[in-house]
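Visitor: Below, each chain spelled out in residue letters.
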Amino acid sequence: MQEIVDATIENIAVSQRANLEVFSGTLQHLARTDRDIIVVTSDSRGSGKLVPFGQQFPEQIIEVGIAEQNLVGVAAGLASAGKKVFAVSPACFLTARALEQIKNDVAYSDNPVKLIGISAGVSYGALGSTHHSLHDFAVLRTIHNLIVVAPADNFETAQAIQLAAESDVPVYIRFGKKQMPLLSEEEKTFEFGKGRIVREGSDITLVGTGETVAPALLAAEKLEQEHHISARVVSMHTIKPLDYALLQKIAATGQPIITVEEHSVFGGLGEACASFLIQNNFCNRFKIIGIPDEYTVTGSQTEIFNHYGISEGGIAAAALGLLS
Amino acid sequence: MLKVMSEKELAQKSVEYRKKILKYIYQAKAGHTGGSLSCIDILNVLYNYTMNVDAGHFDSPDRDRYIQSKGHTVEALYVVLASRGFFPETDLDTLCQYQSHYIGHPTRKVRGVEQNTGALGHGLSLSVGTAIAGKLDKRDYRVFTVLGDGELPEGSNWEAALSASHYKLDNLCAILDKNTLQISGPTSAVCNTDPVDEKFEAFGWAVRHVDGHNIGELMDAFDALPFENGKPSLIIAHTVKGKGVSYMENQLKWHHGVPDTQQYADAIQELDELEVTLA
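Top to bottom, those sequences are chains A and B.
Under numbering that gives the first Met the number 0, the letters of the first sequence match residues 0 to 323, in that order.
Under numbering that gives the first Met the number 0, the letters of the second sequence match residues 0 to 278, in that order.
If you are wondering where the hints come from, they were derived from the structure by calculation, not from laboratory data.
Idealized CB from N, CA, C, for every residue including glycine.
Watch out, some of these pointers could steer you wrong.
Claimed, not checked - Computed spacing ranges between beta-carbons, pair by pair:
| # | chain 1 | residue 1 | chain 2 | residue 2 | range |
| --- | --- | --- | --- | --- | --- |
| 1 | A | S128 | B | K252 | 44 to 50 Å |
| 2 | B | C190 | A | K187 | 30 to 36 Å |
| 3 | A | D42 | B | G84 | 41 to 47 Å |
| 4 | A | G298 | B | K28 | 57 to 63 Å |
| 5 | A | P57 | B | H208 | 33 to 39 Å |
| 6 | A | V138 | B | K28 | 31 to 37 Å |
To be verified - Heads up, simulated EDC-like pairs for lysine to aspartate or glutamate below, C-alpha to C-alpha not over 20 Å straight-line:
| # | chain 1 | residue 1 | chain 2 | residue 2 |
| --- | --- | --- | --- | --- |
| 7 | B | K137 | B | D58 |
| 8 | B | K134 | A | E199 |
| 9 | B | K7 | B | E269 |
| 10 | B | K19 | B | E274 |
| 11 | B | K108 | A | D109 |
| 12 | A | K193 | A | E165 |
| 13 | B | K18 | B | E248 |
| 14 | B | K167 | A | E58 |
| 15 | B | K7 | B | E274 |
| 16 | B | K22 | B | D259 |
| 17 | A | K286 | A | E270 |
| 18 | B | K18 | B | D139 |
| 19 | B | K137 | A | D35 |
| 20 | A | K239 | A | E99 |
| 21 | A | K177 | A | E302 |
| 22 | B | K167 | B | D210 |
| 23 | B | K137 | A | D33 |
| 24 | B | K19 | B | D136 |
| 25 | B | K230 | B | E197 |
| 26 | A | K221 | A | E199 |
| 27 | B | K18 | B | E197 |
| 28 | B | K134 | B | D58 |
| 29 | B | K19 | B | E8 |
| 30 | A | K187 | A | E199 |
| 31 | B | K22 | B | E197 |
| 32 | B | K108 | A | D167 |
| 33 | B | K134 | A | E99 |
| 34 | B | K137 | A | E58 |
| 35 | B | K134 | A | E62 |
| 36 | B | K167 | A | E62 |
| 37 | B | K230 | A | D33 |
| 38 | B | K19 | B | E269 |
| 39 | A | K239 | A | D109 |
| 40 | B | K134 | A | D33 |
Using the sequences and the hints, build the whole thing.
Guide: Right, here's the structure in full:
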């Protein structure tokens with residue numbers, strides 16, 4: 000039997016574990032005092048680190064087998080009866096196979112399901128493109144009545160899960176399974192739709208989301224040390240609704256802006272920012288870093304990141320290019 | 000509280016509903032005529048005899064739930080909800096009109112509607128989730144869903160059918176409106192799902208057949224729920240697409256055909272004559 004971690008927010012924030020583990024720990028923490036917390040899985044309790052949850056709260060976990068459409072439909076039915084439902088499945092299957100259920104049963108019918116996309120982006124690495132979710136931001140952004148979130152570190156993940164549990168609107172939260180460093184000791188506020196400035200800077204702004212904020216932070220430090228360039232780093236954990244106020248503030252400085260995401264360069268964070276900027280007459284130099292329009296190179300998540308420049312060196316080089 | 004109708008009153012009500020379905024489809028110049036007429040007797044018995052739900056207590060956590068999986072026959076649902084006082088029937092004058100809430104598929108913007116449906120193959124999963132919640136909360140409510148035979152090839156139905164028996168949802172009843180026609184032709188020719196009773200039985204359901212236009216048989220079947228303790232129930236209602244209007248019955252063109260003025264008058268006359276015989 001796996002050890003059941005007492006996932007208080009305090010020990011999560013400094014633990015630097017995988018966001019996936021923080022998710023499951025937070026859920027256990029919440030379920031202890033709230034019998035309405037229900038997890039629905041599609042043979043995903045192991046990959047969702049939910050075995051301890053199932054052992055501790057056997058009446059609060061519903062297994063539907065490998066059937067993602069049913070997963071989301073059942074979750075919506077449970078939510079309609081007042082349950083606080085977390086539908087947990089790999090992001091690739093959840094957001095493609097069950098897209099119509101997300102659209103109709105959750106968002107359109109306004110059943111406040113919390114859709115949890117585990118092992119998101121290229122977390123599955125060399126398992127290949129069937130298991131990658133590089134489309135989810137793009138498709139889910141177009142669905143009305145759905146908050147889309149990619150927490151960067153353990154703190155953001157714990158906060159996002161807690162906020163989602165109490166949310167009366169549907170939420171999609173996606174994360175990976177790699178250990179993540181804590182981004183900021185100082186910035187301890189978290190709210191859906193409000194980006195977090197995790198590093199201040201005056202020459203350029205790097206806007207990341209999810210697990211790309213960490214390499215953006217490394218790139219900022221490299222730029223400072225090697226080139227005396229001061230880079231601000233933002234964790235734009237909420238893709239929708241996007242923090243337009245923060246974007247406007249950044250754009251008004253005239254700084255170049257680079258967005259970084261573990262997603263196709265089409266339709267994700269970068270294009271969402273670009274759309275806002277250009278329609279509000281901002282002409283900042285601008286670059287989108289993400290996965291280009293191709294099925295990815297074979298490799299681990301880190302190798303894929305490095306290959307496409309979602310890395311300390313790649314982001315720093317892009318910054319130098321934009322500033323030259 | 001529900002004033003339970005007698006079999007005779009229900010039979011009269013069905014004729015009234017059929018006339019209203021035709022009226023609002025004729026006015027709107029849009030609607031799913033044939034399927035609304037095939038499922039209306041089922042909805043009539045559910046809302047006026049079987050289900051514990053009423054407009055005054057629609058927020059009650061103990062209410063019985065109805066989720067219409069074959070959402071396109073929304074006109075049948077709207078006229079029943081209006082007659083049960085969920086909204087003024089005059090609202091239906093706006094059916095499918097610009098800016099109306101009364102769109103061509105069920106929407107929760109209309110009071111009394113539990114879930115937004117219309118894409119096929121969704122109602123059963125929603126019903127399974129709602130029924131599981133009832134079991135978890137130890138509430139006595141039941142969940143009813145009407146499926147169309149044309150939507151059964153959607154794989155999500157069978158995913159949901161598995162979960163329903165896995166979780167022993169004897170508080171769930173699906174009614175199959177088996178009118179045997181879909182937009183492209185006979186359901187058996189488009190994608191044969193027979194023997195559908197054996198398929199559901201193999202999936203762990205308890206199954207009964209009824210004449211879906213025989214009020215007494217429908218009442219008896221609903222009275223007998225659950226058919227087996229620990230199993231979800233399926234009522235296979237053998238129905239006629241376009242039932243009640245002789246020139247529409249079993250005619251594919253009336254899947255979403257809209258009567259012209261003369262056709263509308265002929266249909267109403269036929270139903271008026273039937274009404275007299277039932278008085």
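Visitor: Now tell me, hint by hint, if it's right for this structure.
Guide: Hint by hint, here is what the structure shows:
no., hint, result
1, S128(A) with K252(B): 44 to 50 Å, "45 Å, holds"
2, C190(B) with K187(A): 30 to 36 Å, "57 Å, violated"
3, D42(A) with G84(B): 41 to 47 Å, "45 Å, holds"
4, G298(A) with K28(B): 57 to 63 Å, "58 Å, holds"
5, P57(A) with H208(B): 33 to 39 Å, "38 Å, holds"
6, V138(A) with K28(B): 31 to 37 Å, "34 Å, holds"
7, K137(B) with D58(B), "18 Å, holds"
8, K134(B) with E199(A), "52 Å, violated"
9, K7(B) with E269(B), "19 Å, holds"
10, K19(B) with E274(B), "13 Å, holds"
11, K108(B) with D109(A), "11 Å, holds"
12, K193(A) with E165(A), "17 Å, holds"
13, K18(B) with E248(B), "15 Å, holds"
14, K167(B) with E58(A), "14 Å, holds"
15, K7(B) with E274(B), "11 Å, holds"
16, K22(B) with D259(B), "11 Å, holds"
17, K286(A) with E270(A), "10 Å, holds"
18, K18(B) with D139(B), "35 Å, violated"
19, K137(B) with D35(A), "13 Å, holds"
20, K239(A) with E99(A), "19 Å, holds"
21, K177(A) with E302(A), "13 Å, holds"
22, K167(B) with D210(B), "26 Å, violated"
23, K137(B) with D33(A), "17 Å, holds"
24, K19(B) with D136(B), "38 Å, violated"
25, K230(B) with E197(B), "15 Å, holds"
26, K221(A) with E199(A), "14 Å, holds"
27, K18(B) with E197(B), "36 Å, violated"
28, K134(B) with D58(B), "18 Å, holds"
29, K19(B) with E8(B), "16 Å, holds"
30, K187(A) with E199(A), "15 Å, holds"
31, K22(B) with E197(B), "39 Å, violated"
32, K108(B) with D167(A), "17 Å, holds"
33, K134(B) with E99(A), "27 Å, violated"
34, K137(B) with E58(A), "12 Å, holds"
35, K134(B) with E62(A), "15 Å, holds"
36, K167(B) with E62(A), "13 Å, holds"
37, K230(B) with D33(A), "29 Å, violated"
38, K19(B) with E269(B), "14 Å, holds"
39, K239(A) with D109(A), "16 Å, holds"
40, K134(B) with D33(A), "17 Å, holds"
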